[in-house]
Amino acid sequence: MEATAEAKVAWRSCVTTSRQARSQEEEVARALAAELGVPFEPRRQSLDHWLAGGQYEAVLVVNREHLTLWVARAGRQPERLFFHPSTSVQRVKGLLRGGSDPMVRAMGLEPGMSVLDATVGVGSDAIVASFVVGPQGRVVGLESVRELAALTRWGMAHYQGPIPAVEEAMRRIEILHTDHGSFLAQAEAKSFDVIYFDPMFRDPVAQSAPMAPWRLLADPRPVTPEVIAQARRVARRRVVLKERKGSPVFEELGAQHVEGRRSGRVAYGIWEALP
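Residues 1116 to 1390 (the working numbering) make up the sequence shown, in order.
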């Protein structure tokens, strides 16, 4: 189904703790709730009480060093979401062995470059980009859904990476809760080397079942020609958009060329920056 639905970016949500929370965890949870502008709820009720009862649509749970997000939708069972670097681990390992990565190639990434991931989501692509640009580079991720931005920001700051290169890359990423259209409209011209989009695919890749729960939370709005035009103004080098291979989106948005592995399921539309 085409992803043209009205964005669901303002969930009724709260922050709570585990049932056996220590005072320190409650302090962290209260601070997070204040930062997000949502209620803090002492854990006197079950999560089902809040979610199934309709009081909240999403609950962030602080439990020691972990942050978990529970999401409920009408007529559906609650989904438990937590941060994980996902495919970025194997991709970074491949790069460490001297391999190539189609996203890195499409973006033309080099050490020291700056990248704006305008639809960062759970940040897997941002981690790979951060690894490539290194300590002298910069990666900023934008996420329009408040709860997802909080979960990803927490993960980038606290998740214990399986290898040092991944953990170091995560710690360098900046996550901002904002709409990419508004951000780009206000950004200075040529303020990032590369601007990257990985929006919800119109037709999800069939094999990507592990990502299905995230689609409940993700902003469904497609990238528009106006956003691409702004991105080309803000980029110093190029704009890259990831989509399913063969998607009509590339032609609709006027991609100057499309790259991708012959055997891959996704492709990358590329626009060079404006002069």
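Among the hints, erroneous ones may be present.
To be verified - Think about it this way: if two alpha-carbon atoms lie no more than 16 Å apart in a straight line, the pair counts; the simulated EDC-like pairs of lysine to aspartate or glutamate are:
# : residue 1 : residue 2
1 : Lys-1208  : Glu-1140
2 : Lys-1305  : Glu-1387
3 : Lys-1208  : Glu-1141
4 : Lys-1360  : Glu-1374
Stated by the list, open to error - Distance windows between CB atoms, simulated:
# : residue 1 : residue 2 : range
5 : Arg-1380  : Gly-1223  : 14 to 24 Å
6 : Gly-1249  : Ala-1167  : 11 to 21 Å
7 : Gln-1135  : Gly-1168  : 16 to 26 Å
8 : Pro-1390  : Gln-1192  : 50 to 60 Å
The hints are simulated quantities; they were obtained by calculation from the structure and are not laboratory data.
No residue lacks a Cβ here, since even glycine has one placed at the ideal position from N, Cα and C.
Here's how the hints hold up against the structure:
1. Lys-1208 with Glu-1140: Measuring from Cα to Cα gives roughly 34 Å; hence the hint is violated.
2. Lys-1305 with Glu-1387: holds (12 Å)
3. Lys-1208 with Glu-1141: With a Cα-Cα distance of about 37 Å, the restraint between Lys-1208 and Glu-1141 is violated, given a limit of 16 Å.
4. Lys-1360 with Glu-1374: Holds, at roughly 9 Å.
5. Arg-1380 with Gly-1223: 14 to 24 Å: holds (22 Å)
6. Gly-1249 with Ala-1167: 11 to 21 Å: violated (46 Å)
7. Gln-1135 with Gly-1168: 16 to 26 Å: holds (23 Å)
8. Pro-1390 with Gln-1192: 50 to 60 Å: Holds - the Cβ-Cβ distance for Pro-1390 and Gln-1192, about 52 Å, lies within 50 to 60 Å.
Hint compliance for this structure: hints 1, 3 and 6 are broken, all remaining hints hold.
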